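Enquirer: Throw the hints in and build the complete structure from the sequences for me.
Letter by letter, the sequence shown follows residues 0 to 99 of numbering that gives the first Met the number 0.
One or more of the hints may lead you astray.
[Unchecked claim] Distance ranges between label pairs, derived from CB positions:
#1 Leu26 - Thr4: 29 to 35 Å
#2 Gly50 - Thr29: 51 to 57 Å
#3 Leu18 - Lys76: 50 to 56 Å
#4 Leu93 - Ala22: 52 to 58 Å
#5 Ile48 - Ala91: 23 to 29 Å
#6 Gly28 - Arg74: 48 to 54 Å
#7 Thr87 - Ala43: 16 to 22 Å
#8 Thr88 - Thr42: 14 to 20 Å
Hints were generated in silico from the structure; no laboratory data involved.
Because the structure is a prediction, the values reported are computed rather than measured.
Beta carbons: idealized from backbone N, C-alpha and C, even for Gly.
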Amino acid sequence: MPRATTPTKILIGANIAALAALAIVELSGTAWAQAMRPRGTYTAVSGRIQGTETHALYVMDESTQEVIAVQWDPRTKQIQGLGYRSLTTDAADLFRPRSN
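Expert: See below:
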């Protein structure tokens, strides 16, 4: 029986390595990182900032009850963040007793 040539040995080794990599990928556990956060539903509203002629865009994520405010800076041609609020925290603060 003739001995296997070097290119044949290389191909056999590459196939074994590919089969091992496939087995590792198939037998590994499921990645749950993507499924933890519910898909967001967003609402965006534009409004003028009080006391200025500048407008802001308010974006609310309904699944997390969070709001961000951003504005466009024409000088730098970039969106700038103005603020963030958690509506869940704000609603909880409404019913917290206040001290005089």
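Enquirer: Each hint needs a verdict: does it hold in this structure or not?
Expert: Evaluation of the provided hints:
In this structure the hint that Leu26 and Thr4 lie 29 to 35 Å apart at CB holds, the actual value being about 33 Å. For the hinted restraint 51 to 57 Å between Gly50 and Thr29, the CB-CB distance of approximately 52 Å keeps it satisfied. For the pair Leu18 and Lys76, the supplied restraint of 50 to 56 Å holds, since their beta-carbon distance comes to about 52 Å. Checked against the hint of 52 to 58 Å, the C-beta distance between Leu93 and Ala22 comes to roughly 56 Å, which is consistent with it.
Take Ile48 and Ala91: their Cβ atoms lie about 27 Å apart, and the range 23 to 29 Å holds. Checked against the hint of 48 to 54 Å, the pair Gly28 and Arg74 passes, with Cβ atoms roughly 50 Å apart. Separation of Thr87 from Ala43 is about 19 Å and conforms to the stated range, judged on CB atoms against 16 to 22 Å. A hinted range of 14 to 20 Å for the beta carbons of Thr88 and Thr42 is consistent with their spacing of about 19 Å.
Checked against the numbered hints above, the structure breaks none of them.
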